[in-house]
Amino acid sequence: MKVGVVVFPGSNCDHDAWYAVTHNLGHEAEFLWHSDPSVGAVDAVIVPGGFSYGDYLRCGAIAKFSPIMSAVKKFAADGGIVMGICNGFQILTESGLLPGALIRNRGLKFICAPVDLRVETTNSPFTAMARKGQILSTPIAHGEGCYIAGERTLDELEAEDRVLFRYVNNPNGSLRDIAGICNAGRNVLGMMPHPERATDPLMGSTDGLVILQSVAATLTPAAK
Amino acid sequence: MTITADVLARHHITQEEYQVILKELGREPTFTELGIFSVMWSEHCSYKSSRIHLKKLPTRSKLVVQGPGENAGIIDIGQGYAIAFKIESHNHPSFIEPFQGAATGVGGILRDIFTMGARPIAVMDALRFGPLDDPHNGRRNRRILDGVVSGISHYGNCFGVPTVGGECVFEPVYNGNPLVNVFALGVVRKEDIFYAKATGAGNPVIYVGSKTGKDGVHGATMASAEFTEEAMAKRPNVQVGDPFMEKLLLEACLEAMKTGAIVGIQDMGAAGLTCSTCEMGSRGNVGIEIDLMHVPQRETGMSPYEIMLSESQERMLLVAEKGREKEVFDVFEKWGLDAATIGVVIDENTLRVKDHGVVVAEIPNASLTGAAPMYDRPHAVKPFRAAPIQGPSFASSDLTADLRRILSSADVCSKRYIWQQYDHMVRTNTTLGPGADAAIVRIKETGTSVAMALDGNGRMCSLDPRLGVQLIVAECCRNLSTVGALPVAATNNLNFGNPERPEIMAQLVEAIEGMAEACAFFDTPITGGNVSLYNETRTGEELVAIYPTPVIGIVGLLPTQTPVSMPFRNPGRDVVLLGGLGHCDLAQFGGTQYAKVILSDLWGVPPALDMHYEKRVHAAARQAVAEGLAESAHDISDGGLAVALAECCFRTTSPGGGIGAAIDLASDLRPEFLLFHEGPSRIVISTANAARIHAIAAEHDIEVHTIGRTVEGRLSIRGSGTLLIDSPVEELDSIWEEALEQLLRD
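Respectively, the protein sequence lines represent chains A and B.
According to this note's numbering, the first sequence is numbered sequentially starting from 1.
According to this note's numbering, the second sequence is numbered sequentially starting from 1.
Think of the hints as simulated: they come from the structure by calculation, not from any bench.
Be aware that a few hints might be false.
Said to hold, decoys possible - Here are the simulated DSS-like pairs of lysine-lysine, each with C-alpha atoms no more than 25 Å apart in a straight line:
| id | chain 1 | residue 1 | chain 2 | residue 2 |
| --- | --- | --- | --- | --- |
| 1 | B | 354 | B | 23 |
| 2 | A | 64 | B | 415 |
| 3 | B | 415 | A | 109 |
| 4 | B | 23 | A | 73 |
| 5 | A | 2 | B | 444 |
| 6 | B | 334 | B | 211 |
What the hints assert, rightly or not - Some chain B residues judged to face chain A by a derived CB distance under 8 Å, without partners named:
| id | residue |
| --- | --- |
| 7 | 81 |
| 8 | 349 |
| 9 | 431 |
To be verified - Chain B stretches covered by chain A per the calculated footprint, using a threshold of three residues with CB under 8 Å from any CB of chain A:
| id | stretch |
| --- | --- |
| 10 | 158–170 |
| 11 | 186–192 |
Even for Gly, the Cβ is constructed at its ideal location relative to N, Cα and C.
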C-alpha cells in the first residue's frame with residue numbers, strides 16, 4: 001500500500017503520519033504538496049494534523065480551497081480511502097466530505113492527553129481489524145475538537161452505523177461523545193484523536209496501529 | 001534632531017558612553033546611529049554588566065561543537081548528528097502583554113535553533129509568577145499566568161514543536177516581575193550546521209520572512225531597565241507573534257540551506273535588522289551594506305530609525321553565494337514568503353545603512369560589538385538578602401495535614417493544568433514528557449535519546465546565591481541521572497535585579513562563580529544562555545527586586561529505551577533510598593517548602609552540598625537504570641522525602657501510579673526535618689532487586705537504605721516505628737491534582 005500524506009503550509013503532523021506508515025506499519029508513504037492538482041498513484045490519503053494555512057478564519061476553512069483538496073475530493077468520490085486526522089478532520093468537514101463541524105473545546109482550552117476511544121463498529125475499512133467495543137488509548141491534541149452536527153445528522157450517522165469511535169470520557173464536549181465518523185460511502189474517515197501517535201511502544205501505546213492495519217488489509221487483502 | 005541630554009536618557013545611554021560614541025565615530029552620530037548604538041549597547045545585547053563575569057564559565061568539552069557567541073550552543077551526540085539548544089528569557093514583555101510576550105519568547109528561541117540548521121524537537125519553560133492568591137495582586141497574577149500559558153501553547157502547538165516539560169514557581173517577589181524563560185532544543189546533521197557569519201565581499205544579503213513594522217521598536221532597551229508605573233505605556237514595544245509564519249520560515253530555511261547556496265544566516269530577534277547586520281559582518285570580519293528601500297515593509301512612512309530598530313517577528317537575514325540567489329528565492333516563493341536582496345557584503349568592517357541611496361548610518365562593526373561598554377560594576381559587598389539566619393521554633397501537630405498542605409501548594413502541586421495545554425507529543429519523539437524529573441525525546445536519526453532538565457530555585461539562591469546555584473546544577477544533573485541520562489552540557493538564564501546596585505551585582509557574581517565551579521565539576525559546560533537584569537519594580541518609594549533566579553537547563557544523553565519514570569509500578573517492591581536520609585539543622589531548613597507553606601517563613605542557609613558525593617549518587621542511579629533494576633525512580637527536591645514518596649504514588653500519564661508504600665525510617669532527625677528537609681544527593685527507587693542496588697551503592701561508596709515496600713493504595717511513613725504520616729493515596733492524589741485549578745478559579 002502507498003499512502004499519500006498531504007502537506008499544507010502549517011501541517012505539523014505530516015511527518016508523524018509518514019513515519020507511522022513507513023516505520024511502524026511497514027508500508028510506503030509519500031508527501032502530497034498542497035498545490036498539487038492530483039494525488040498521483042497512491043492507494044490512500046491521509047490529511048494530517050496541524051494548523052493548515054495557520055487555521056486563519058476558521059480551522060480548515062482555507063485548506064478546502066487548495067488544489068490538493070479538489071484532488072482528494074475526486075479521489076474520495078472514486079472510492080479512494082481518505083483519513084482526516086485532527087486538523088484533517090476539520091478540513092474534511094469544511095470540504096463537505098464529512099457532515100458536521102468541529103468547534104472550540106467545551107473547556108475553551110487546548111488539550112493534549114491520551115484518551116480512551118471505543119470502537120463502535122467494525123464495518124469500515126478503518127476498523128475492520130478491530131473488535132467492536134475495543135478500547136483504544138490514543139492521544140488527542142486540539143483546541144477545537146468538539147464535534148457538533150444537527151440532531152437529524154447525528155441520528156443519521158448512528159442509524160447508518162457511521163460513528164466509528166466514541167470517547168469513553170468525553171474530553172471536549174463532542175455531541176454524543178463522537179470522536180470519529182465516516183461518510184456514507186464508508187471510505188472517508190475523520191477523527192480528532194491521533195492514531196499515528198499511538199503506533200510505537202515507546203510512545204506509550206500502539207493502539208492506533210489497528211486503524212492503519214485495517215486500511216492496509218482492506219487495500220492489500222493478500223497481506224491480511 | 002539634536003542630541004540632547006534628554007534624548008540620550010531616553011536611549012539609556014550615559015554621558016560617558018556618549019563620549020565613547022563620539023570618539024569611535026569621530027563625529028556626532030545621526031539619530032539613526034544613536035538608535036543603533038542604544039540597542040547594540042543595551043544590557044540585553046551587549047551584556048555590559050555581566051560579560052566580565054560570564055568569562056569565568058566553563059564552555060568547552062570534547063562534545064562541545066559550538067560554545068557561547070552563536071545563536072545557540074551545539075554538542076555532538078554521535079553518529080554524525082548534533083543538538084543545538086539554548087534558553088532565553090522574555091520576562092519584561094510577558095509582564096506587559098502576557099500572551100504575546102510569552103508567544104514571541106517561544107518564537108525567538110525557536111529561530112535561534114533553526115538558524116543553526118537544526119530542526120527544533122523540544123521546548124521547555126521555566127515560569128515565575130506572583131502568588132495566585134496574593135491579596136493585592138492575585139487577580140493580575142492569575143491573568144498573567146493564563147496569558148503566558150496560552151501564549152506558549154498557541155505558539156508552540158501551531159509551530160509543531162512539543163513542549164515537553166518545565167517548572168513553575170510562585171513568590172511575591174515576582175508580583176511585578178514575572179519570569180518567562182524558554183528553552184529549546186533541535187537536532188542537526190553535523191555537516192549541515194550553519195553559522196551566523198557573513199563572508200565573501202559581493203555576496204548578496206537577503207531578507208526573508210515577515211514584513212517589517214513598527215512593533216517592538218526598542219524592545220531590547222525596554223528589557224534593560226527596571227519597571228516603573230509607566231511600564232504599561234510601553235505595550236506598543238511588545239512584538240506580536242505569528243507561529244504559522246514561523247513554521248513556514250522554518251521549513252523554508254531548512255530547505256534553502258539544503259541548496260548549498262547559503263553562506264550564513266541569522267535570525268532577527270532583539271534589535272532586529274541592526275543586530276543581525278552588524279553581528280554577521282563582525283563575525284565574518286567583513287561589513288554589510290544595505291539600502292532600507294529594499295526592506296519589505298508593513299506600513300508606509302517608516303523612518304530609517306524605526307526600520308533598523310523594529311523587532312517585528314519571524315524574520316531572518318541571510319547571505320547567499322553571488323549568482324545563486326534564484327535558488328534561494330525559489331524556495332521562499334514555494335513557501336509563500338517574502339525574500340528580498342537588501343544589500344551586499346563589503347570588504348570594510350563597517351555597517352553601512354542607506355535609505356534610497358543616501359547614507360543614514362555608517363558605523364565600524366567593532367564600535368558596536370568590541371567597543372561596547374563592559375562594566376566591572378561594584379560588588380564588594382554581601383549579596384542582598386532580607387531573610388534572617390535564625391529560624392523560629394516550631395513543632396508540627398499533624399504531619400499528615402502538613403503533607404497535604406504542601407502537596408496542595410502552588411509550587412508543589414500538579415502542573416497538569418498548564419502542560420495539558422501544550423502539545424507535548426507532536427513529532428512522536430517524547431518518551432518521557434511533562435511532570436517527570438527530566439524529559440526525554442528520542443532522536444529518530446540516531447536511535448539514541450536526549451534528556452533535558454530545567455531547574456531554578458530563587459528561594460535558595462536568595463539565601464546564598466553561590467551555594468544555591470550549585471544546588472540547581474546538582475539537581476539538574478540528578479534529574480537526568482534519575483532517568484538514566486549522562487549530563488553533558490548546559491545553558492543558563494540569569495534573572496536578576498538591577499546590577500547597578502552593588503548588593504544585587506554581588507548576587508550575580510556569586511551565582512556565576514558558583515555555577516562555574518559546579519558546571520566544571522559535573523562536566524556540563526555552558527554553551528550559551530541569556531542574562532536578564534533590571535527585574536525590579538518601583539512602586540512609589542518601594543523597590544522590589546526578584547530573588548536572584550538563575551535557571552539552568554542541562555541536557556543528557558542515553559540510549560533509547562522504555563523510560564524509567566516516577567510512579568511506583570507494582571506493589572510488593574522494595575523502596576530504596578539512594579544517597580541516604582541526608583542531614584539537616586534548623587538553619588538549613590529555612591529555604592524548604594515546609595518553611596514556605598507551613599510556616600510562611602524564609603530563613604537560614606541552603607542545605608549543604610558535597611559535590612563529590614552527589615556525583616557518585618548520579619553514577620549509581622544511572623547504573624541502576626542501565627541494569628534495568630529501577631522500576632521507578634524519582635529524585636528528592638522540593639518538599640523533601642515525604643513529598644517525593646507521595647509523588648511516586650500518584651497517577652501521571654506514565655504507566656503505573658496509584659500504588660502506595662509502607663515506609664519506616666530509622667533516623668535521629670526530628671520528624672519535620674526527616675520528612676521535609678530538602679538536602680540534595682538522594683533518589684528514591686522501587687525495585688525487585690534491592691540487593692543488587694545495595695551492591696551498586698557500595699561500589700560507588702554511597703549510603704543506601706531499603707526504607708520500605710510498595711503496597712496497594714496507602715502511603716504510610718514511620719519514624720523508627722512511630723507513625724508519622726498515613727493517608728490513602730487517592731486522597732493525596734486528588735488534593736495534589738486539583739490544587740492549581742482551584743487556585744486559578746478563585
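Hint numbers not upheld by this structure, sorted from lowest to highest
The structure conflicts with hints 2, 4, 7, 8 and 11, although it agrees with all the remaining ones.
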